[in-house]
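Chains as they are written, first to last, in UniProt numbering: chain A, 1 to 285; chain B, 1 to 285; chain C, 1 to 285; chain D, 1 to 285.
Since the hints were derived computationally from the structure, they do not count as laboratory data. Computed from a predicted structure; not experimentally measured. Be careful, since some hints might not be right.
Because identical chains share one entry, a pair is satisfied inside a single copy or across any pair of copies.
Stated by the list, open to error - Distance condition first, Cα-Cα at most 25 Å in a straight line; then the derived DSS-like pairs of lysine-lysine:
| # | residue 1 | residue 2 |
| --- | --- | --- |
| 1 | K280 | K45 |
| 2 | K253 | K16 |
| 3 | K253 | K146 |
| 4 | K16 | K183 |
| 5 | K183 | K75 |
| 6 | K204 | K45 |
| 7 | K146 | K88 |
| 8 | K253 | K45 |
| 9 | K280 | K146 |
| 10 | K253 | K88 |
| 11 | K149 | K15 |
| 12 | K188 | K280 |
| 13 | K146 | K15 |
| 14 | K204 | K75 |
| 15 | K280 | K97 |
| 16 | K75 | K188 |
| 17 | K183 | K146 |
4 protein chains.
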Amino acid sequence: MNPHSATLLISCPDKKGLVSAIANFLMTYNANILHADQHQDAEAKLFLMRVQWDLEGFTLPMESFAAAFAPIAAKHDMTWQVSLSSRKPRVAIFVSKYEHCLVDLLHRWRIGELDCEIPLVISNHEDCRRLVEFNEIPFHVIPVSKDNKAAAEAEQFRLLEEAGVDLVILARYMQVLSQDFVKRYPNKVINIHHSFLPAFDGAKPYHRAFARGVKLIGATSHYVTEDLDEGPIIEQEVTRISHRDDVDDLVQKGRDLEKVVLSRAVRWHLDNRLLSYNNKTVIFD
Amino acid sequence: MNPHSATLLISCPDKKGLVSAIANFLMTYNANILHADQHQDAEAKLFLMRVQWDLEGFTLPMESFAAAFAPIAAKHDMTWQVSLSSRKPRVAIFVSKYEHCLVDLLHRWRIGELDCEIPLVISNHEDCRRLVEFNEIPFHVIPVSKDNKAAAEAEQFRLLEEAGVDLVILARYMQVLSQDFVKRYPNKVINIHHSFLPAFDGAKPYHRAFARGVKLIGATSHYVTEDLDEGPIIEQEVTRISHRDDVDDLVQKGRDLEKVVLSRAVRWHLDNRLLSYNNKTVIFD
Amino acid sequence: MNPHSATLLISCPDKKGLVSAIANFLMTYNANILHADQHQDAEAKLFLMRVQWDLEGFTLPMESFAAAFAPIAAKHDMTWQVSLSSRKPRVAIFVSKYEHCLVDLLHRWRIGELDCEIPLVISNHEDCRRLVEFNEIPFHVIPVSKDNKAAAEAEQFRLLEEAGVDLVILARYMQVLSQDFVKRYPNKVINIHHSFLPAFDGAKPYHRAFARGVKLIGATSHYVTEDLDEGPIIEQEVTRISHRDDVDDLVQKGRDLEKVVLSRAVRWHLDNRLLSYNNKTVIFD
Amino acid sequence: MNPHSATLLISCPDKKGLVSAIANFLMTYNANILHADQHQDAEAKLFLMRVQWDLEGFTLPMESFAAAFAPIAAKHDMTWQVSLSSRKPRVAIFVSKYEHCLVDLLHRWRIGELDCEIPLVISNHEDCRRLVEFNEIPFHVIPVSKDNKAAAEAEQFRLLEEAGVDLVILARYMQVLSQDFVKRYPNKVINIHHSFLPAFDGAKPYHRAFARGVKLIGATSHYVTEDLDEGPIIEQEVTRISHRDDVDDLVQKGRDLEKVVLSRAVRWHLDNRLLSYNNKTVIFD
Numbered sequence: 001m002n003p004h005s006a007t008l009l010i011s012c013p014d015k016k017g018l019v020s021a022i023a024n025f026l027m028t029y030n031a032n033i034l035h036a037d038q039h040q041d042a043e044a045k046l047f048l049m050r051v052q053w054d055l056e057g058f059t060l061p062m063e064s065f066a067a068a069f070a071p072i073a074a075k076h077d078m079t080w081q082v083s084l085s086s087r088k089p090r091v092a093i094f095v096s097k098y099e100h101c102l103v104d105l106l107h108r109w110r111i112g113e114l115d116c117e118i119p120l121v122i123s124n125h126e127d128c129r130r131l132v133e134f135n136e137i138p139f140h141v142i143p144v145s146k147d148n149k150a151a152a153e154a155e156q157f158r159l160l161e162e163a164g165v166d167l168v169i170l171a172r173y174m175q176v177l178s179q180d181f182v183k184r185y186p187n188k189v190i191n192i193h194h195s196f197l198p199a200f201d202g203a204k205p206y207h208r209a210f211a212r213g214v215k216l217i218g219a220t221s222h223y224v225t226e227d228l229d230e231g232p233i234i235e236q237e238v239t240r241i242s243h244r245d246d247v248d249d250l251v252q253k254g255r256d257l258e259k260v261v262l263s264r265a266v267r268w269h270l271d272n273r274l275l276s277y278n279n280k281t282v283i284f285d
Numbered sequence: 001m002n003p004h005s006a007t008l009l010i011s012c013p014d015k016k017g018l019v020s021a022i023a024n025f026l027m028t029y030n031a032n033i034l035h036a037d038q039h040q041d042a043e044a045k046l047f048l049m050r051v052q053w054d055l056e057g058f059t060l061p062m063e064s065f066a067a068a069f070a071p072i073a074a075k076h077d078m079t080w081q082v083s084l085s086s087r088k089p090r091v092a093i094f095v096s097k098y099e100h101c102l103v104d105l106l107h108r109w110r111i112g113e114l115d116c117e118i119p120l121v122i123s124n125h126e127d128c129r130r131l132v133e134f135n136e137i138p139f140h141v142i143p144v145s146k147d148n149k150a151a152a153e154a155e156q157f158r159l160l161e162e163a164g165v166d167l168v169i170l171a172r173y174m175q176v177l178s179q180d181f182v183k184r185y186p187n188k189v190i191n192i193h194h195s196f197l198p199a200f201d202g203a204k205p206y207h208r209a210f211a212r213g214v215k216l217i218g219a220t221s222h223y224v225t226e227d228l229d230e231g232p233i234i235e236q237e238v239t240r241i242s243h244r245d246d247v248d249d250l251v252q253k254g255r256d257l258e259k260v261v262l263s264r265a266v267r268w269h270l271d272n273r274l275l276s277y278n279n280k281t282v283i284f285d
Numbered sequence: 001m002n003p004h005s006a007t008l009l010i011s012c013p014d015k016k017g018l019v020s021a022i023a024n025f026l027m028t029y030n031a032n033i034l035h036a037d038q039h040q041d042a043e044a045k046l047f048l049m050r051v052q053w054d055l056e057g058f059t060l061p062m063e064s065f066a067a068a069f070a071p072i073a074a075k076h077d078m079t080w081q082v083s084l085s086s087r088k089p090r091v092a093i094f095v096s097k098y099e100h101c102l103v104d105l106l107h108r109w110r111i112g113e114l115d116c117e118i119p120l121v122i123s124n125h126e127d128c129r130r131l132v133e134f135n136e137i138p139f140h141v142i143p144v145s146k147d148n149k150a151a152a153e154a155e156q157f158r159l160l161e162e163a164g165v166d167l168v169i170l171a172r173y174m175q176v177l178s179q180d181f182v183k184r185y186p187n188k189v190i191n192i193h194h195s196f197l198p199a200f201d202g203a204k205p206y207h208r209a210f211a212r213g214v215k216l217i218g219a220t221s222h223y224v225t226e227d228l229d230e231g232p233i234i235e236q237e238v239t240r241i242s243h244r245d246d247v248d249d250l251v252q253k254g255r256d257l258e259k260v261v262l263s264r265a266v267r268w269h270l271d272n273r274l275l276s277y278n279n280k281t282v283i284f285d
Numbered sequence: 001m002n003p004h005s006a007t008l009l010i011s012c013p014d015k016k017g018l019v020s021a022i023a024n025f026l027m028t029y030n031a032n033i034l035h036a037d038q039h040q041d042a043e044a045k046l047f048l049m050r051v052q053w054d055l056e057g058f059t060l061p062m063e064s065f066a067a068a069f070a071p072i073a074a075k076h077d078m079t080w081q082v083s084l085s086s087r088k089p090r091v092a093i094f095v096s097k098y099e100h101c102l103v104d105l106l107h108r109w110r111i112g113e114l115d116c117e118i119p120l121v122i123s124n125h126e127d128c129r130r131l132v133e134f135n136e137i138p139f140h141v142i143p144v145s146k147d148n149k150a151a152a153e154a155e156q157f158r159l160l161e162e163a164g165v166d167l168v169i170l171a172r173y174m175q176v177l178s179q180d181f182v183k184r185y186p187n188k189v190i191n192i193h194h195s196f197l198p199a200f201d202g203a204k205p206y207h208r209a210f211a212r213g214v215k216l217i218g219a220t221s222h223y224v225t226e227d228l229d230e231g232p233i234i235e236q237e238v239t240r241i242s243h244r245d246d247v248d249d250l251v252q253k254g255r256d257l258e259k260v261v262l263s264r265a266v267r268w269h270l271d272n273r274l275l276s277y278n279n280k281t282v283i284f285d
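Turn these sequences into a full structure, and let the hints steer you where they fit.
Structure follows, in C-alpha cells:
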C-alpha cells in the first residue's frame, strides 16, 4: 500500500467519454494512476468508478481538489468522494457477548490487515473488557434495555462523535439500532448476519437452518439500513453441513464464516472499494 | 459396484442394541458386509441405518428375506426396505424446454454414472425429441395447460405405470405437479430448484437474486412434497457472482450448479443412500 | 452480447497516461465503451488492458483501425490485437475416448454459451463419431502411434488450415503434441489437465492423488506450451474427497471439475478476456 | 458432548463379523453407543472403526477394559486405543513469530471448541509472550540455531515430558524437527503447511504459487513424519486468487486458510476422529 495516495469514488449517469474526462483531469496534474476500475450498470444506466493515484508528483494540492474537480463533477452529474491514505478511518466496534468476530478483527488490525484507528469498543455487557483492554483500546459498557434505548443511543452518539468515528462495525452486537442511528450513519454501519441472506433473516438463523435441513449454511455482511437484514449485501460465504451436525455444530462452523465475511467487508470499506446503489454493492478491484 | 449385493435401509426409534441386532441377523446368514453407516438423531430419538452386503455366500434366499427379518423389524418398530443391485431402478425424466439437465443426466447414464433404466422421457414440448431419440429412449409429448392438467396427468400416470417407473426426475420441468401426483410418488419425485432454498423459492429465482444483490447464487435438489419448494432438501451448491454479472450471467452460471446438484441427488437415490424424515434427508456414506 | 462490437487487447511497458491515450483515441471516433478493464503488474512493470466498444456510431472504419492506431501503439511500445464480434472464432476440438468434455462443450456451443464456429472434431479413435455427427460437425479420425506421429500431425495441420482454425481445444486428447504443433499455435491450444497443477503433472493424476491421500482433487485448464503441463494456467477448481472415495470415485468427481474448468477457459478465450505473459494469465472482467 | 464417554479406535485386517464382534462385546456390558463409524479399505484389505459410548450404565469398569477386550483384539489382530472423555488431552503449541494460528487456536480453546489442556507454549522467539500470558499459559522461549539444535530439542523434550504432553501443534513454527523428535511423537505432531500439498512443499510456497500463476492457493494440515511435508494429510482447503493479487495478498488470504485447516485437524485429533495408515488419514464422522 502506498502511504501517500488518493482514492476517488464516483457514480453518475452513464454516457460516452467519462473515462476520458476523468483520466484527462488526473493527467493534467501528472497523476500516476495505481489502480482504476469501473463498472457500468446497463440496466440502471449508471457509471461507477474507483481510481487511486500516487500523490508523489501530483501537482494539484489536495486541499484544492474539490474546487478543481467541481466543474467535471457538475457537468456529468457525479456523486463523488475522495479519500487520502494519510488519513486513517476511525472505527468503532460494537459487541455483545460473543467475542469471536471481535477477537478476529482486533488481530487483523494489530497485524496491519485493517488500516484504521480503533478509538473505542462499545458493548452492552462487561464480558469483552479484558480482551479489549489487552489491545489497549478504551472499552465502554452501555447497557441497553427496552426502556433505556433512546438514552443508551444518545450516549453512543456522544462517544462516536467525540471519537470522530467514520465507521461502526456490529461484530455480533445483539441489539437492533434505531432508525435514528441508521440515518446518522448511512452506509457507515456494517453488520454481520449469521445466515445466507435473504434466507433466515431475523432471529435464530442457525436453529432455523437446522430445522429446514439445508445442506449449506452461510453468513452475510451488509450495510445496515432502516430495514433489518435488508441492507446492501457486501459479502457472503457458505460452508457445508450434514445430517450429522446439530445446532451447536452449525454455530461452531458458522463462526468461521462470520469472521471471514465480516472482516472482508470491513477491509473493502476501509480501502474505499465499496459503492452502494439500488440496495446493492459494487466491489471494486 | 458389486453386481450382486443387497442394501437395507432402516429407520426406527433409537435404543440400545440395534447395531448388534442387525449385524447378528446378517452374520447368521454369513453376510459379507460391504458398507454400513448409521445415524442417530438425538433430538428426534431416531436411529437410521444403511447396510449393504455381498449376496455371494449369503445363505438366506432374498425371496425369504422379508419373512426372516420380520420379527426383528417388529420388535424394534422398524420401517425398512431392501433393494437388490440386480434389479435396476426404472426412471422417468420430465423436461420442458431447457435441456441442460437432461443432456447431463443422459450422458451420466450412458457412461454408467447413473445405474438405472430410463424407459421414457416425458415433456410438455417437442424441443428435446431429437436429443432423447439420439439416446434411443422413447419420448412422449404431453402438452399441459391450465384446462387439461388432470387429463395430462392421467396420461402421465398411464405411461409411468406401464413403464413400471420407480423414480421421477423433474429436470427443469416447468409445470407444478398436482397433489394427487405427489401422493402417488412419495419420496419418489426429485426436483431441481434454481436457487439456494429457502431463499428465492417460487418463480424467477435468478431475477430475484439479481435484484437482491446477493454475492452467491445456488441450486437445490429436493424431494417433491405437497408444498412447492418445501420438500426435504437433498443437495445444495453455490457459486460466486459479482456486480459484473447480469441476469443472463446468473442463468449461465446457475446451469452448472443445477446439473451437478440434480445428478448427485439422483445418484444417491439410485444407490439407496437417501432416507428422509421430518422433512430432512440423511445421506448415508 | 452486442453483435457489433470490437475488443482491443493491449500489453505494454507501464507508464503514466496510457489509459488517457487509449480512451482519447477511442473518443476521437465517438466510441461507446461497453467494458474496460486494465491491470498493472507492478513487479513486471507491465500494463495490460482490454477495452470493448460498440461499433454503432464508431466513426473509424475497422479496416482503417490498424493504421490509425499504429502511432499510439508505436509510441508506447504496445503489443495489441483487435477482434470483431461479427467474426466468430473457428475452433477445432481434439478428443480421444473420454467424451465428457466433448459432450459438455458441444452442448454449451449449441445453446450459445460458446460463441464460435466448430468446423471439425479430430480424434485418434472412432468412439465419438456418432455424438459429433449428431451435432452436425465433421468428424475426422487420425490414428496416432509412436511411428506415425509426424505424419498424423501433418494431416492435422492440413485440416486445421483448411478449416481456418483459430483455437484448438484438447478435450481429454490423450496424445502429447509435438513442439512443432505448439509453435504453430502459440496461446491457441487450450488443454485440460485432471489435477490441481503443479501437483500431479504428467500421467495418472487421479491415481497419484489417491495414493498421496489428498483431501481435495482439482482440474486445471492452461495454454499448451513446449513444456508439458507447464503452460500458463487459465482456470482451476477443486472438489472435496474423503477416505471413502476410491480412484473410480475420484475419476467421477473429477469429470465435473474438468468440464467446468475447460469450458470457462474456452469461453474467456473466445470473449478475448485472456492475455498471457510471463507464463501467467490475466483474466479481464 | 457427553462428559463421561469412551471412544475406541480400531484397525485390523478386514474380514466378516468384525462389526458384530465389537457391537456384541459392548452390548455385553450394556453400552449405550453414541456414535459409530467404520471404514473398509478394499485395496489395503483393512477395517477401521471408531465407536463412542456413554459410560453411564456401562457395567465394565474402564480399568478392566484392556483385559476384557484383549481376547477379541488378539483374535482379530487389532491395533486399538481407548480414550476417556474425562481425561483431557494435554497439548503443547510451538510457534515462531507469525501469531495468527496461535491467536486462533487460543481463542477456540477459550470458548471450548478445543477440548484439551494447554500446559505450555514453546517459541524460538519472544514475540508471542504477551499474547500467551494474557491467556494464562506458561510461555517458554528456546532459541534455536544450527549449532544448538540438539540442545534446544533436549530442553523441549524435558518441558514436554514434565507437562505430560500428548500432542504437539506446530502453529507456523519455522524450524524443522529432528528425526529424533518425530520418532518420539509418532502421529502426535500436527503441522500446518501453507500450500496445497503436494504442490509447493518446502520453503516459500506463497512466492512459488505466485510465480507459477496458480488461480487457487491452499493450506494443508498433516501429521509430521520423518519426510518433511510428506506426512499423512489431515485437512486441506483452498481459496481463489487472481492476477490482481501479489505475494502479500496471497499471504493475507492464506492466513485465513491456515487457521481453519490447522484448527480442524487439531479438533478431530482431540475428538479421536483420526486414524492414520499407509501415509493417509481416515476422518471418522
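Here is what the structure says about each hint:
For the homomeric pair K280 and K45, the shortest alpha-carbon distance inside one copy (15 Å) is at most 25 Å, but the shortest distance between copies (35 Å) is not. Taking the shortest Cα distances, K253 and K16 never come within 25 Å of each other, neither inside one copy (48 Å) nor across copies (30 Å). Proximity of K253 to K146 under the C-alpha cut-off of 25 Å is found in neither arrangement, the shortest distances being 31 Å within a copy and 41 Å between copies. Taking identical chains as interchangeable, the C-alpha atoms of K16 and K183 are never at most 25 Å apart, the minima being 34 Å within one chain and 41 Å between chains.
Proximity of K183 to K75 under the C-alpha cut-off of 25 Å is found in neither arrangement, the shortest distances being 29 Å within a copy and 52 Å between copies. In this homomeric assembly, K204 and K45 come within 25 Å of each other (Cα to Cα) only across copies, at 23 Å, whereas the closest approach inside a single copy is 39 Å. Taking the shortest alpha-carbon separations for K146 and K88, neither the intra-copy value of 35 Å nor the inter-copy value of 43 Å comes in at or below 25 Å. When the C-alpha separation of K253 and K45 is checked against a cutoff of 25 Å, the pair qualifies only between copies, where the shortest distance is 24 Å, while the shortest distance within a copy is 40 Å.
Neither within a single protomer nor between protomers do K280 and K146 lie at most 25 Å apart by alpha-carbon distance, with minima of 32 Å and 38 Å respectively. In this homomeric assembly, K253 and K88 come within 25 Å of each other (Cα to Cα) only across copies, at 22 Å, whereas the closest approach inside a single copy is 33 Å. Taking CA atoms no more than 25 Å apart as the test, K149 paired with K15 passes in neither setting, with 47 Å inside one copy and 50 Å between copies. Proximity of K188 and K280 under a CA criterion of 25 Å is satisfied intra-copy only: 14 Å inside one chain copy versus 38 Å between copies.
Proximity of K146 to K15 under the C-alpha cut-off of 25 Å is found in neither arrangement, the shortest distances being 50 Å within a copy and 46 Å between copies. With identical chains, the CA atoms of K204 and K75 are never at most 25 Å apart, being 49 Å at best within one copy and 39 Å at best between copies. Taking identical chains as interchangeable, the C-alpha atoms of K280 and K97 are never at most 25 Å apart, the minima being 30 Å within one chain and 32 Å between chains. Proximity of K75 and K188 under a CA criterion of 25 Å is satisfied in neither setting, with 28 Å inside one chain copy and 45 Å between copies.
Within a single copy, K183 and K146 get their C-alpha atoms as close as 20 Å, which meets the 25 Å cut-off; across copies the closest is 49 Å, which misses it.
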